[in-house]
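From first to last, the protein sequence lines are chains A and B.
For what it's worth, the working numbering labels the leading residue of the first sequence as 82, then goes sequentially.
For what it's worth, the working numbering labels the leading residue of the second sequence as 185, then goes sequentially.
One or more hints might be untrue.
Straight-line distance between alpha carbons at most 20 Å, and here's what the computed SDA-like set of lysine to any residue pairs gives [said to hold, decoys possible]:
#1 A/185 / B/210
#2 A/183 / B/344
#3 A/185 / B/314
#4 B/260 / B/313
#5 B/260 / A/140
#6 B/260 / A/197
#7 A/121 / A/151
#8 A/141 / B/302
#9 A/183 / B/258
#10 A/203 / A/159
#11 A/185 / A/152
#12 A/185 / B/348
#13 A/162 / B/212
#14 A/183 / B/338
#15 A/162 / B/246
#16 A/163 / B/213
#17 A/162 / B/250
#18 A/203 / A/120
#19 A/129 / B/258
#20 B/260 / A/136
#21 A/203 / B/314
The hints are simulated quantities; they were obtained by calculation from the structure and are not laboratory data.
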Amino acid sequence: MRILIILVLVLNGGYASAHQWTPTYPKLKPSHITGVYTTKMELFNSRKEISYYSIGVFDKDWKKVPFVTSPSLLRISYLDKKIVDIYLHKKDKNKAHYICSKSKILSSVRDPSIIASRICSKIK
Amino acid sequence: MKKPLIILAALLTAPMLVSATTPISGMVASKCIVTTDTDGVYGNPSATKLSTASSDGGVLPIIRYDIITASAYNAKITTPMSFSSSPALGSETVTWTGSTVANQMSDAGMSVFNTNKVVYNNSSEFPLTIAGSVWFDVSSVATYGYNKAFPAGSYSAVVTAECIAQ
Chain A
82 MRILIILVLV LNGGYASAHQ WTPTYPKLKP SHITGVYTTK MELFNSRKEI SYYSIGVFDK
142 DWKKVPFVTS PSLLRISYLD KKIVDIYLHK KDKNKAHYIC SKSKILSSVR DPSIIASRIC
202 SKIK
Chain B
185 MKKPLIILAA LLTAPMLVSA TTPISGMVAS KCIVTTDTDG VYGNPSATKL STASSDGGVL
245 PIIRYDIITA SAYNAKITTP MSFSSSPALG SETVTWTGST VANQMSDAGM SVFNTNKVVY
305 NNSSEFPLTI AGSVWFDVSS VATYGYNKAF PAGSYSAVVT AECIAQ
């Protein structure tokens, strides 16, 4: 019985699922296209129940800033890592403040309480 | 005869010695990791109430934040204001309440997170001023209409855990 309790505790203790979005302070650099700036972000998914993440760029008042990435809705497998290239027009370069990734929950998920995670990096 | 053999052996073993000193490099960069430690469950202590409190038969969702660098991020946790899925609820309104508390922490000084917490709307924001790991307990309560019973069926709601660079 004691072994069973320890086993349950160990198995539960090992269960965790995380979302990582780095770097904390990305820098925009001129891209190979004139008038377009770019930065590289890295997404790591260790949330087993999540397969999709959306990317967003916002100003300091959390209003959306136009940007380009391919694709803006990322499909990423469990324990997979993806490099995301973000492109911004020169006119939006100084407006953009945050680059965020947010987990997307499928409508088919029927857990009683679901946790959505969002991590935002600040452009320096 | 012996001398060339010794030189040959020394030459053959030399690359092996070089490969034995291959360095391992790493870098600790500032980052915030959001981990869903425990999924929540709504208990149904009465026909009119759904609650994640253990005293109501529910399970509190627990979210862990791992902070590598102090004062680089704010944690923002938003409790639900609607169901993501539920049976048809008719015209009655659902009243929502919720709160978030830093409960377990890797550093005793992290209790300051609760002192410096800013609460607005249904969100709680914590400046993560100390590096380490912290576990936030999230409570959510939904009551239906004025003493109305929730229709039978399954209910889901979404808690949003955010990490925003300072």
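Here's how the hints hold up against the structure:
About 31 Å separates the Cα atoms of residue 185 of chain A and residue 210 of chain B, which puts this hinted pair outside 20 Å; it is violated. A threshold of 20 Å between alpha carbons decides the hint, and for residue 183 of chain A with residue 344 of chain B the separation of about 10 Å falls inside it, so the pair holds. For a cut-off of 20 Å, the pair hint linking residue 185 of chain A to residue 314 of chain B is broken: about 29 Å separates their Cα positions. Only pairs whose Cα atoms come within 20 Å are accepted, and residue 260 of chain B paired with residue 313 of chain B is accepted, the gap being roughly 14 Å.
Between residue 260 of chain B and residue 140 of chain A the alpha-carbon distance is near 18 Å, which keeps this suggested pair within the 20 Å criterion. Note on residue 260 of chain B and residue 197 of chain A: the hinted pairing holds, with a Cα-Cα distance of about 12 Å set against a maximum of 20 Å. Simply put, residue 121 of chain A and residue 151 of chain A have alpha-carbon atoms about 12 Å apart, close enough for the 20 Å limit, and the pair holds. Distance check on the hinted pair: residue 141 of chain A and residue 302 of chain B sit about 19 Å apart at the alpha-carbon level, within 20 Å; holds.
A threshold of 20 Å between alpha carbons decides the hint, and for residue 183 of chain A with residue 258 of chain B the separation of about 16 Å falls inside it, so the pair holds. A C-alpha spacing of about 26 Å is found between residue 203 of chain A and residue 159 of chain A, which places the hinted pair above 20 Å, so the restraint is violated. Simply put, residue 185 of chain A and residue 152 of chain A have alpha-carbon atoms about 14 Å apart, close enough for the 20 Å limit, and the pair holds. The suggested pairing of residue 185 of chain A with residue 348 of chain B holds, with an alpha-carbon distance near 18 Å, which does not exceed 20 Å.
A hinted pair counts as satisfied when its Cα atoms are at most 20 Å apart, and residue 162 of chain A with residue 212 of chain B qualifies at roughly 17 Å. Distance restraint check for residue 183 of chain A and residue 338 of chain B: the Cα-Cα separation of roughly 25 Å exceeds the 20 Å cut-off, and the hinted pair is therefore not satisfied. Simply put, residue 162 of chain A and residue 246 of chain B have alpha-carbon atoms about 25 Å apart, too far for the 20 Å limit, and the pair is violated. Straight-line distance between C-alpha atoms of residue 163 of chain A and residue 213 of chain B comes to about 17 Å, which keeps the hinted pair within the 20 Å bound.
As the CA atoms of residue 162 of chain A and residue 250 of chain B are separated by approximately 18 Å, the hinted pair is consistent with the 20 Å bound. Between residue 203 of chain A and residue 120 of chain A, the direct Cα distance comes to roughly 12 Å. Compliance with the 20 Å bound is thereby established for this hinted pair. This hinted pair does not check out: residue 129 of chain A and residue 258 of chain B have alpha carbons roughly 25 Å apart, beyond 20 Å. For the suggested pair residue 260 of chain B and residue 136 of chain A, the alpha carbons sit about 18 Å apart, so the restraint of at most 20 Å is met.
With a CA separation close to 19 Å, the supplied pair residue 203 of chain A and residue 314 of chain B stays within the 20 Å bound.
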